[in-house]
Amino acid sequence: MINRRHFMTASAAGLALAATSRGARAQAYPSQPVRMVVGFAPGAAADVNTRLLGQWLSERFGQSFIIDNRTGAGSNIATEAVVRAPADGYTLLYATTANAFNATIYENLKFNFIRDTTPVASFIRNPGVMVLNPAFPAQTVPEFIAYAKANPGKINMGTAGVGSAAHIWGELFKVMAGVDMTTVHYRGYPLADLIGGQVQVLFDNLPGSIEYIRAGTIRALAVTTEARLDVLPDVPTISEFVVGYEAEAWHGIVAPKNTPADVIDTLNRAINAALADPTMKARIAALGGSPLANSPAGFARHIAEEIEKWGKVIRAANIKAD
Numbered sequence: 000m001i002n003r004r005h006f007m008t009a010s011a012a013g014l015a016l017a018a019t020s021r022g023a024r025a026q027a028y029p030s031q032p033v034r035m036v037v038g039f040a041p042g043a044a045a046d047v048n049t050r051l052l053g054q055w056l057s058e059r060f061g062q063s064f065i066i067d068n069r070t071g072a073g074s075n076i077a078t079e080a081v082v083r084a085p086a087d088g089y090t091l092l093y094a095t096t097a098n099a100f101n102a103t104i105y106e107n108l109k110f111n112f113i114r115d116t117t118p119v120a121s122f123i124r125n126p127g128v129m130v131l132n133p134a135f136p137a138q139t140v141p142e143f144i145a146y147a148k149a150n151p152g153k154i155n156m157g158t159a160g161v162g163s164a165a166h167i168w169g170e171l172f173k174v175m176a177g178v179d180m181t182t183v184h185y186r187g188y189p190l191a192d193l194i195g196g197q198v199q200v201l202f203d204n205l206p207g208s209i210e211y212i213r214a215g216t217i218r219a220l221a222v223t224t225e226a227r228l229d230v231l232p233d234v235p236t237i238s239e240f241v242v243g244y245e246a247e248a249w250h251g252i253v254a255p256k257n258t259p260a261d262v263i264d265t266l267n268r269a270i271n272a273a274l275a276d277p278t279m280k281a282r283i284a285a286l287g288g289s290p291l292a293n294s295p296a297g298f299a300r301h302i303a304e305e306i307e308k309w310g311k312v313i314r315a316a317n318i319k320a321d
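0 is the number of the first residue of the sequence shown in numbering that gives the first Met the number 0; add one for each residue after it.
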């Protein structure tokens with residue numbers, strides 16, 4: 000009986016210690032700086048949004064959330080870096096629609112996005128905008144299409160790389176509008192060359208362009224959403240002229256597979272709290288975006304649906320990595 004009582008006491012103590020350890024780990028996270036890897040250059044919409052979220056998380060947790068721009072291959076370089084990182088919650092990927100595109104565009108990826116990552120939380124839904132160099136002669140979408148048809152291949156369309164939203168949205172426009180433009184891929188963000196006139200058109204995530212639109216540095220021709228946007232009420236939709244055209248981006252956070260569930264839950268609660276914060280909501284709205292709160296499981300379903308949706312578009316347009 001003494002041995003049995005001793006065993007039961009020790010077992011209970013062990014269970015209590017394990018529970019305390021799990022609780023301490025959840026409370027302690029993050030106990031050191033967290034690296035948020037983003038696959039696009041400074042100034043791009045993904046970078047703007049990552050910094051917005053990173054600042055909020057830094058203030059909430061009292062730890063630095065460091066933004067690490069790993070550009071190239073349509074964000075695959077960044078994704079692979081995170082997939083290969085320790086699954087401890089201290090290396091996160093700022094995932095975007097580009098990750099859904101890449102699942103179809105690239106045939107020989109060294110990772111499988113669904114298999115090798117753990118969804119944490121979705122963050123923002125971003126509209127796109129078709130922006131021009133101010134000197135470009137077209138003032139409307141029909142005028143742009145007419146010019147493009149009269150000058151096949153002479154309009155340079157910038158992208159942030161193969162598989163970026165700027166690429167896929169632009170290729171979708173080319174197919175649906177029946178125009179031929181020269182696609183120019185950049186390793187980083189092509190906005191500087193749009194302003195400089197080296198490229199004439201860019202299908203951009205709105206957060207990356209909106210301040211330049213407001214300043215008159217570039218010109219918004221149309222938005223990619225189904226309906227007009229409150230933030231740009233006088234700018235028409237592409238679908239008003241190219242029936243059926245619609246595109247939006249989603250952004251969120253994923254971690255390496257096997258990241259502890261308590262870390263995932265801690266981050267998910269924090270990000271959803273950010274999306275409920277009035278100041279954050281106002282800043283997102285000012286960028287033309289909208290909050291996209293979700294559970295880890297809900298975000299996982301959303302990613303799978305997006306891979307299927309855009310896979311059909313990419314195959315139909317015969318878009319492949321170089």
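No wet-lab data here; the hints were simulated from the structure. Since this is a predicted model, take the numbers as computed values, not measurements. A virtual CB, placed ideally from N, CA and C, is assigned to each residue, including glycine. Each hint should be verified, as a subset may be incorrect.
[Said to hold, decoys possible] Cβ pair distances, simulated, as ranges: (1) Gly177 to Lys308: 20 to 28 angstroms; (2) Arg300 to Thr216: 35 to 43 angstroms; (3) Pro141 to Ala226: 13 to 21 angstroms.
Evaluation of the provided hints:
1. Gly177 to Lys308: 20 to 28 angstroms: This hint holds: roughly 23 angstroms between Cβ atoms.
2. Arg300 to Thr216: 35 to 43 angstroms: holds, 39 angstroms
3. Pro141 to Ala226: 13 to 21 angstroms: Since the Cβ atoms of Pro141 and Ala226 sit about 19 angstroms apart, the hinted range of 13 to 21 angstroms holds.
Every hint, counting from the list given before, is met by this structure.
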